[in-house]
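Asker: Residue strings, one per chain:
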Amino acid sequence: MPLVKTLPLDDVILTEDESTAVYRYDSGVVSFADLQIARGERGLKTGAVTISSSFLSPSPSHLSLDIVVVFVIIIMAGSSTSYYFVIIGTKDNPLYEAEFGSFKQGGDGIAKFREEQRHMNQFIAHSSLDCIEDQQWASKEMYLKTVDKFNNTWVSCFLTGGNIKFLLVHDTRSDEPIRQFFTDVYDLYCKTLMNPFYEVNMAIRSQTFDQKIKAAAKKYL
Amino acid sequence: MALPLEIPPRARSAMSTSKASPMYNLRSSIASTGSTTSLTSLFAGTGASLPRDIVDDIKSVIHHAFVPHIAVHVSDDVDEVVREKGLPDFYQLIRPYGEKVQGRITARDSQGSSVPFEDFAVRFVRLSDVVQKSERKGSASGNSFRNGEYGGTNAGIPEAINSEELPLADELLDLHLSHAEELIDTNLATETESHTGQAFYLLYLRKILSGFPVTPHETWAHPVACLIAISSRNTTPIDTLRQLYKSGSEVNVPGYVNKEYLRYYVLVHDEDKDDIVKSAALFEQMKRHFGLHCHLIRLRSTTCIVSDEDSVPVAKSQWLPASEELADLHAHQEEDIESDASSRFIHGSDEAAIKTMVREMVAQSVIPFMERNIASWNDQILSRRKGIGGRVLSFSRRFLGSTGTRSTSSSATASNFDSATNSYDPMTPEAQMRKLADWSFMLRDWKLAYDVYNTIRTDFNNDKAWLHVAGAQEMTIISLLLTGQPITPKIRADTIDVYLDAACYSYVTRFRAIYAALRCLLVTVELLRLAGGSSAELAAKWAIKALDLNIRPTVGRALISQRVGDCYAVRQGAGSGGWGGRRRKAAMWHVLAAETWIRLGKFAQARHCIDVAMPKYVSTEFVLIRRFVEQMRLDSGYVNLLDLKIDTGVGGTGEEVVEVENGDEEEALDEDDDGEAEKPRFDGKRRSILIPQTPNGDAPGVMTMDESPGADGPL
Numbered sequence: 001m002p003l004v005k006t007l008p009l010d011d012v013i014l015t016e017d018e019s020t021a022v023y024r025y026d027s028g029v030v031s032f033a034d035l036q037i038a039r040g041e042r043g044l045k046t047g048a049v050t051i052s053s054s055f056l057s058p059s060p061s062h063l064s065l066d067i068v069v070v071f072v073i074i075i076m077a078g079s080s081t082s083y084y085f086v087i088i089g090t091k092d093n094p095l096y097e098a099e100f101g102s103f104k105q106g107g108d109g110i111a112k113f114r115e116e117q118r119h120m121n122q123f124i125a126h127s128s129l130d131c132i133e134d135q136q137w138a139s140k141e142m143y144l145k146t147v148d149k150f151n152n153t154w155v156s157c158f159l160t161g162g163n164i165k166f167l168l169v170h171d172t173r174s175d176e177p178i179r180q181f182f183t184d185v186y187d188l189y190c191k192t193l194m195n196p197f198y199e200v201n202m203a204i205r206s207q208t209f210d211q212k213i214k215a216a217a218k219k220y221l
Numbered sequence: 001m002a003l004p005l006e007i008p009p010r011a012r013s014a015m016s017t018s019k020a021s022p023m024y025n026l027r028s029s030i031a032s033t034g035s036t037t038s039l040t041s042l043f044a045g046t047g048a049s050l051p052r053d054i055v056d057d058i059k060s061v062i063h064h065a066f067v068p069h070i071a072v073h074v075s076d077d078v079d080e081v082v083r084e085k086g087l088p089d090f091y092q093l094i095r096p097y098g099e100k101v102q103g104r105i106t107a108r109d110s111q112g113s114s115v116p117f118e119d120f121a122v123r124f125v126r127l128s129d130v131v132q133k134s135e136r137k138g139s140a141s142g143n144s145f146r147n148g149e150y151g152g153t154n155a156g157i158p159e160a161i162n163s164e165e166l167p168l169a170d171e172l173l174d175l176h177l178s179h180a181e182e183l184i185d186t187n188l189a190t191e192t193e194s195h196t197g198q199a200f201y202l203l204y205l206r207k208i209l210s211g212f213p214v215t216p217h218e219t220w221a222h223p224v225a226c227l228i229a230i231s232s233r234n235t236t237p238i239d240t241l242r243q244l245y246k247s248g249s250e251v252n253v254p255g256y257v258n259k260e261y262l263r264y265y266v267l268v269h270d271e272d273k274d275d276i277v278k279s280a281a282l283f284e285q286m287k288r289h290f291g292l293h294c295h296l297i298r299l300r301s302t303t304c305i306v307s308d309e310d311s312v313p314v315a316k317s318q319w320l321p322a323s324e325e326l327a328d329l330h331a332h333q334e335e336d337i338e339s340d341a342s343s344r345f346i347h348g349s350d351e352a353a354i355k356t357m358v359r360e361m362v363a364q365s366v367i368p369f370m371e372r373n374i375a376s377w378n379d380q381i382l383s384r385r386k387g388i389g390g391r392v393l394s395f396s397r398r399f400l401g402s403t404g405t406r407s408t409s410s411s412a413t414a415s416n417f418d419s420a421t422n423s424y425d426p427m428t429p430e431a432q433m434r435k436l437a438d439w440s441f442m443l444r445d446w447k448l449a450y451d452v453y454n455t456i457r458t459d460f461n462n463d464k465a466w467l468h469v470a471g472a473q474e475m476t477i478i479s480l481l482l483t484g485q486p487i488t489p490k491i492r493a494d495t496i497d498v499y500l501d502a503a504c505y506s507y508v509t510r511f512r513a514i515y516a517a518l519r520c521l522l523v524t525v526e527l528l529r530l531a532g533g534s535s536a537e538l539a540a541k542w543a544i545k546a547l548d549l550n551i552r553p554t555v556g557r558a559l560i561s562q563r564v565g566d567c568y569a570v571r572q573g574a575g576s577g578g579w580g581g582r583r584r585k586a587a588m589w590h591v592l593a594a595e596t597w598i599r600l601g602k603f604a605q606a607r608h609c610i611d612v613a614m615p616k617y618v619s620t621e622f623v624l625i626r627r628f629v630e631q632m633r634l635d636s637g638y639v640n641l642l643d644l645k646i647d648t649g650v651g652g653t654g655e656e657v658v659e660v661e662n663g664d665e666e667e668a669l670d671e672d673d674d675g676e677a678e679k680p681r682f683d684g685k686r687r688s689i690l691i692p693q694t695p696n697g698d699a700p701g702v703m704t705m706d707e708s709p710g711a712d713g714p715l
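Protein sequences, first through last, are from chains A and B. Letter 94 of the first sequence, counting from 1, is numbered 94 in UniProt numbering, and no numbers are missing. Letter 117 of the second sequence, counting from 1, is numbered 117 in UniProt numbering, and no numbers are missing.
Treat the hints with caution; some may be incorrect.
Said to hold, decoys possible - Below, in silico cross-link-like pairs of lysine-lysine (DSS-like), each with a Cα-Cα straight-line distance of 25 Å or less:
hint, chain 1, residue 1, chain 2, residue 2
1, A, K112, A, K149
2, B, K490, A, K140
3, B, K490, A, K149
4, A, K145, A, K219
5, A, K145, A, K191
6, A, K145, A, K91
7, B, K316, B, K355
8, A, K104, A, K219
9, A, K145, B, K490
10, A, K218, A, K104
11, A, K112, A, K219
12, A, K149, B, K545
13, A, K191, A, K219
14, A, K145, B, K545
15, A, K149, A, K218
16, A, K140, A, K191
17, A, K214, A, K112
18, B, K541, A, K145
19, A, K212, A, K145
20, B, K246, B, K287
21, A, K149, B, K541
As the list claims (entries may be wrong) - Just a sample of chain A residues kept apart from chain B, beta carbon distances all over 12 Å, derived:
hint, residue
22, S139
23, G161
24, K218
No lab work stands behind these hints: they were computed from the structure. Note that beta-carbon positions come from the ideal geometry of N, C-alpha and C, so glycine has one too.
Okay, chain A solo, but in the shape it has when bound (with noise of 0.2 Å):
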């Protein structure tokens, strides 16, 4: 019977095509190829590998091996594909956020990310306008699909013509829905600037407006 291990999760790291996952400990590395990766409840990631003690070079010392160990390892507990979306105005600053989750594959809409992903994805958005202050010159489209990545982590980008622009950010990738959704919630922008009181760069506070985003985020994304 083999043994089960379970390795600490800020130890394992998966490649970005959950291949092979890495663990590192204090004299070496260890990389578990022909990886299984399970999604499990509530976005856990599951991944079970077999391996045999010969494939370890140097044998980390907390994993005694016998012949053949499953180690299951727990792998960026809420990555199920969750969404941050911004709406940045032209000084830097948000106008209108939102996290959702998908719907997709019997999700439930609620959006996954961990308390130190939050603020991440703000820095993440904030500093892919750099990216978009080169490309938006490059591309004909209002939609310049994925900007920037950071880690496993994409940016999408909708410019308008006020340089408001759409992020979202996203951690798998799919250019056409996401495209559909920008397209809604251009018009939905256009609306609420229609609105007498308000004015540009102005934050957007709408219980519609977000109920409405909220739609449009559960029928494409």
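Following the hints, position chain B against chain A.
Answerer: For chain B alone, kept in the frame of chain A given last:
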């Protein structure tokens, strides 16, 4: 309130006795980074290009990393003479002087024109170290993993390419930083560039680059020459020299190290005890026996003390590998302050003699030897390989090789590559070409080196010698960047990106050589960063890749994240809006670095990073960003300098400018409100803020709580 004008006497006197910190001579090793101590922060100089001295500094670190290694092999009586002087051995005595060869050294490049170097260097190593460093491989390869897929190619992969220096460099930097923190906290030093800026990064880089392992795929650590020395006390001098020659050749270096290096014979004359006439006669005899590569050095054998007339302190080696420096520091920790070994002295005449010896050896023997070999390899191997004959040869070989595979014998038989030891024999054309490339690189003939690396890369590729391919790819990029030719987007995309990616893949995935990959990345990142513009962005991209190599929150990781920010910061935008700049990215990475610093308990570093990043976030409307940055400011015990400045009155604006230049700002301000502000800063703010984090459980900053038992959380 005292005016923040001059260093308060308390601090000054403390500075002069700062030796009192027992285990440490921080100044010596920080000062060793040369002009970095006086550098202004990269960020402070918001100019479009880097200040000249920074460029020189980084370049010189890279130049001095890839230098000829000279093995030292001496008889016991030489070490005896040196021990009488109060130094451990001859090798320790001469090592620091190899790091800066006196005067100007000229070398001819492949075009035949001579190029002068003001700062040529060589690295002395013990001959036994060459063996040891490669032996690690032997012992480790035994338990090196053998998986079906890798079994064939990986047999005998040297574990040595995974230098042990890496964690040690982290540890060492940790010590240095803790010490710097201590100094700052006790007002002994100020929060200046030398303590927070890139000086530490340069130190880290230097430590990474100082202990090159002896590996088959590159020849940096293979000796170019061997210094063989006897002393005038020896009764059978010529025989001893022969014996040393013999034992030196028989020493168990791995097969891929070419043993046909230059031998340089040195006669150490004991000035105090022996007769110079006799030594001169012996020296003549040596010359007759061993040819021109001989030197007579006159050293005094008495111990030198400070009060002696011409005493000079023994130079400190700047390129000590992290392991040695750590051992040194630990040794000092145990020693008494009085017998501080770092304050040893030698006679000025001795120093001059050693400098002359090193200079003569390098200028008259080593460099001509290298030039001669480069020229002959260039003629015999490279031109043949590149010429029409070579093409036919390599083509026919490939042809034969492929027919070979068809007839079931492996194509490897046609190549010189020995996959069992993963190396080439030093006499094969491939090994010699790699050596040619490395040596011309050492003599800073980047153009030739680039050509050769480019050529051998394909050879290695044909032989499927992946480690060699990775090494050649690495050096292709480095030498290309050093040639200083403009880096077009095409080069960036087709050469640098592709090769770096492939080299890292080989190092990390095929060979798990984290050290090699990190070295490759960090050197390239620095050179790309110097190129500026969009290359700097590429530098940042690869620096981020380097972060992936080390996911633990170590000092190295923090330094590299900070470097990512620095790389982005180099890219300045156009116009007043800074279009196309990367200021936001730079700010984000500095915040991330600050986060890591706080985790590590290095608050001064964190404060520095926050300082740099703050302008971008000071008026941001992103709530979580603001909250996070504020929290970090509190965690790091940050005092808003701006507020304090306003508090202390506007009277001394002129003086404050002076302050900033001296880097005394922080100290002076602390001095200012000694009474009120210091307490909240260290006790009130930092510690009590950290406590509310504990219930979260995942707040890593809590780590520091262990060290502050006095904090009982008034909140």
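Asker: Holds or violated: K246/B with K287/B, Cα cutoff 25 Å?
Answerer: holds, 18 Å
Asker: For the pair supplied as a hint, K149/A and K218/A, is the alpha-carbon distance within the 25 Å limit?
Answerer: Between K149/A and K218/A the Cα gap is close to 24 Å, so the pair holds against 25 Å.
Asker: Mind checking the alpha carbons of K191/A and K219/A for me, to see if they're no more than 25 Å apart?
Answerer: holds, 19 Å
Asker: Tell me if the straight-line CA distance from K490/B to K140/A falls inside 25 Å.
Answerer: holds, 23 Å
Asker: Taking the closest pair, is the beta carbon of S139/A still more than 12 Å from chain B?
Answerer: holds, 15 Å
Asker: Between K212/A and K145/A, does the CA-CA distance stay at or below 25 Å?
Answerer: holds, 22 Å
Asker: For the pair supplied as a hint, K490/B and K149/A, is the alpha-carbon distance within the 25 Å limit?
Answerer: holds, 22 Å
Asker: Going straight from one Cα to the other, do K145/A and K91/A come out at no more than 25 Å?
Answerer: holds, 22 Å
Asker: Under the criterion that the straight-line Cα-Cα distance not exceed 25 Å, is the pair K145/A, K490/B satisfied?
Answerer: holds, 24 Å
Asker: Hey, K112/A versus K149/A, does the alpha-carbon distance stay inside 25 Å?
Answerer: Cα-Cα ~19 Å, so holds.
Asker: Is K104/A within 25 Å of K219/A, Cα to Cα?
Answerer: holds, 9 Å
Asker: Between K145/A and K219/A, does the CA-CA distance stay at or below 25 Å?
Answerer: Given that 25 Å is the threshold and the Cα spacing comes to 19 Å, the pair holds.
This entry satisfies every hint, going by the numbered hints stated previously.
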